[in-house]
Amino acid sequence: MNQDRWTLIQQIFDQVADLPSTDRQQFLATHCPDDEIKKEVLDLLQADEEVGDLLPSSFTMESPEATLVLPRMHPDTLVGPYRIISKIGEGGMGWVFKAEDTRLDRYVALKCLAPAVASEPGIKERLLLEAKAISRLDHPNVCIIHDMGHTEDGGLYIAMQFYTGKTLEKLLSKGPLDLKQAIKIAKQIAFGLSAAHQHHIVHRDIKPANIMIQDDGVVKILDFGIAKLADTEITLAGARMGTLAYMAPEQLEGDDVGPYTDIWSLATVLFEMLTGRPLFTGDKASNLLNAVMNQEPPLNDPVLEAQPHLLRLLQAMLIRDIDLRLNSMTKVVQWLATYQQHLSQNPNRRRPQEEDEKLHTDKVTFTDQYLMRLAAVLTAHIGPTAPVLIQRYTESATSYEGLIMALVSHLPAHTRQSVVSQLKAIQP
7 MNQDRWTLIQ
17 QIFDQVADLP
27 STDRQQFLAT
37 HCPDDEIKKE
47 VLDLLQADEE
57 VGDLLPSSFT
67 MESPEATLVL
77 PRMHPDTLVG
87 PYRIISKIGE
97 GGMGWVFKAE
107 DTRLDRYVAL
117 KCLAPAVASE
127 PGIKERLLLE
137 AKAISRLDHP
147 NVCIIHDMGH
157 TEDGGLYIAM
167 QFYTGKTLEK
177 LLSKGPLDLK
187 QAIKIAKQIA
197 FGLSAAHQHH
207 IVHRDIKPAN
217 IMIQDDGVVK
227 ILDFGIAKLA
237 DTEITLAGAR
247 MGTLAYMAPE
257 QLEGDDVGPY
267 TDIWSLATVL
277 FEMLTGRPLF
287 TGDKASNLLN
297 AVMNQEPPLN
307 DPVLEAQPHL
317 LRLLQAMLIR
327 DIDLRLNSMT
337 KVVQWLATYQ
347 QHLSQNPNRR
357 RPQEEDEKLH
367 TDKVTFTDQY
377 LMRLAAVLTA
387 HIGPTAPVLI
397 QRYTESATSY
407 EGLIMALVSH
417 LPAHTRQSVV
427 SQLKAIQP
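Heads up, the final residue of the sequence shown is numbered 434 in our numbering, and it's a clean run with no missing numbers.
Calculated directly from the structure, the hints in this document are not laboratory data. Beta carbons: idealized from backbone N, C-alpha and C, even for Gly. Treat the hints with caution; some may be incorrect.
Derived DSBU-like pairs (lysine-lysine); straight-line CA-CA distance at most 35 Å [stated by the list, open to error]: (1) Lys138 - Lys337; (2) Lys138 - Lys104; (3) Lys180 - Lys93; (4) Lys337 - Lys172; (5) Lys176 - Lys337.
With beta-carbon atoms standing in for the labels, derived distance ranges [as the list claims (entries may be wrong)]: (6) Lys172 - Thr36: 22 to 32 Å; (7) Lys172 - Ala291: 22 to 32 Å; (8) Gly223 - Pro26: 47 to 57 Å; (9) Gln428 - Arg398: 35 to 45 Å; (10) Pro26 - Ala291: 42 to 52 Å; (11) Gln375 - Pro314: 18 to 28 Å; (12) Leu110 - Asp24: 35 to 45 Å; (13) Arg109 - Ala291: 22 to 32 Å; (14) His37 - Gly389: 56 to 66 Å; (15) Ser27 - Gly223: 43 to 53 Å; (16) Thr336 - Phe372: 25 to 35 Å; (17) Leu377 - Asp40: 48 to 58 Å; (18) Thr391 - Ser179: 30 to 40 Å.
Taking the hints into account, I'd like the entire structure generated from these sequences.
Laid out in C-alpha cells, this is it:
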C-alpha cells in the first residue's frame, strides 16, 4: 500500500473513530472514495475495538519511560493463545520467542513489541495493514504471519511461522560463504523482495539477522513490514550499529524509500557473504554513518577481482543517487539466476556478458575519441585521476549509461545530476 493511500485511510479512521457507531456508516459512505478503502477503515475500527484502550498513550520513544525492558515472560507464560517456550532473540522494537500455539498444536515465532513501541500513534492500525498486505504475498521466501494481538502489559505480538535453521548472521560469524552458496542465498532474497515490491511493500531492514536459512536451504526473509511500523526503529538515535551498516543513504537522510532502498541493502549483504566482512564499518555510529554517506563503497576484494561482472552488479546496486541506482529487483533476480546457472555449468570460468547487458543497454565498444571527451569533462570535477577511473571502468562497462553511472558515483551527490547531463551530451 502506498503512503498516500495509507494517509487517507488513517485520516478517515481518525475522524470516524470519534463518531457514535450509529453515524459511522453514513460518514464512510460519504468520505471513502472506493469500497476497498472503506473495508480497510472498517477493519481498523474492528481492530481498535478488539484491542480497546489497553495501549497506554503516555509512552513515546523520546520519553525516559520508554526504555525497552524485557517483559516477565518465563517458560509456560501465556501470551494470548501462545505458550512461551524460550527466548530466541531481541531487537530495537521488542523480543522474539519460540512459543506453542495451544489451539493448533504447532510452534510459532512470537515477536512481542514493547509497550513503549506499541503506544506510538497509529502503530496498531499500521500493524494490521502491514500484516494483511504481507499475508497476501504467499511467497516461498517470505516469512508467514499467522496472527497478531495484544499482551497484558499493553504490548503487541505477531505470531509468525517457526523455522528451523540458522540466520545468515550466524552463518557469517564463521566466515565468508563460498561463491555458489552466496549467489544461491542472494537470489532467493531478491526473489522474495521482488514479489514484495510488486505489491508496493518495501522491507527497509534487509540485513543478515533478518535472513533465515532453513535446514533444507530455503531462505526466508524475516520481519517484513516490522521496520515500517515505527519511524523510531530506524532513527539514528535508536538504530543499532548492526542495522546502520546495511541502511541506504536515503534512509539515513530521512528521505523517501523505495525498491531501490532494498537493492542497496541486498548489495551490502551479498558483499558480506562473499568476503566475510561488512561493506561499511566504523568504531562508533558517527564514523559508520560518515562511511555510508560519504565514502565510495570499498568493493576492492580478491573475490570480486576474480568476478568482474559480479563487481559490476554490486556497483550498479550501490550508487548513492537513487535516480542512477539499479532500481529493479526483478533484474537482480534474473542476473543472479543466470549467474548461478553459469557457475553450475562452468565453475572455473568467468561468466559471460549476457546478464550485464540486461542490466543496462546494449554492449558497446568505446572509442578513444569518446573516452578523451569524457576525461575532459570529468577532470574539471575530480581532477587528474579521471583518466585512471575511465580506464578502470571501460574494462567492465557494457554500455555508455553503465560507464557514466560508474564514473559519477565518485562525485558528490549534489553535483552528479548536472555532470550526468554533460556526459550524456557527449556524442559517442
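Do the hints match the structure? See the list:
For the hint linking Lys138 to Lys337, the alpha-carbon distance of about 27 Å falls within 35 Å, and the restraint holds. With a C-alpha separation of about 22 Å, the suggested pairing of Lys138 with Lys104 holds against the 35 Å cut-off. At roughly 23 Å between alpha-carbon atoms, Lys180 and Lys93 fall within 35 Å of each other, so this suggested pair holds. Simply put, Lys337 and Lys172 have alpha-carbon atoms about 28 Å apart, close enough for the 35 Å limit, and the pair holds.
At roughly 28 Å between alpha-carbon atoms, Lys176 and Lys337 fall within 35 Å of each other, so this suggested pair holds. Restraint check, Lys172 to Thr36: a C-beta distance of roughly 53 Å breaks the suggested window 22 to 32 Å. For Lys172 paired with Ala291, a C-beta distance near 27 Å keeps the hint of 22 to 32 Å intact. For the pair Gly223 and Pro26, the beta carbons lie near 56 Å from each other, so the given range of 47 to 57 Å is met.
The beta-carbon spacing between Gln428 and Arg398, approximately 20 Å, falls outside the hinted interval of 35 to 45 Å. For Pro26 and Ala291, the Cβ-Cβ distance of about 49 Å falls inside the hinted range of 42 to 52 Å, so the restraint holds. Taken as a hint, the range 18 to 28 Å holds for the pair Gln375 and Pro314, whose Cβ atoms sit roughly 25 Å apart. In this structure the hint that Leu110 and Asp24 lie 35 to 45 Å apart at CB holds, the actual value being about 37 Å.
Against the hinted window of 22 to 32 Å, the Cβ-Cβ separation of Arg109 and Ala291 comes to about 43 Å, which falls outside the hint. Separated by about 59 Å at the C-beta atoms, His37 and Gly389 satisfy the suggested range of 56 to 66 Å. Taking 43 to 53 Å as the suggested C-beta distance range, the pair Ser27 and Gly223 conforms, at roughly 52 Å. A C-beta distance of roughly 28 Å is found between Thr336 and Phe372, which places it inside the suggested range of 25 to 35 Å.
Range check, Leu377 to Asp40: Cβ separation about 54 Å, and the 48 to 58 Å hint holds. Taking 30 to 40 Å as the suggested C-beta distance range, the pair Thr391 and Ser179 conforms, at roughly 38 Å.
Comparing the model with each numbered hint stated earlier shows that hints 6, 9, 13 do not hold.
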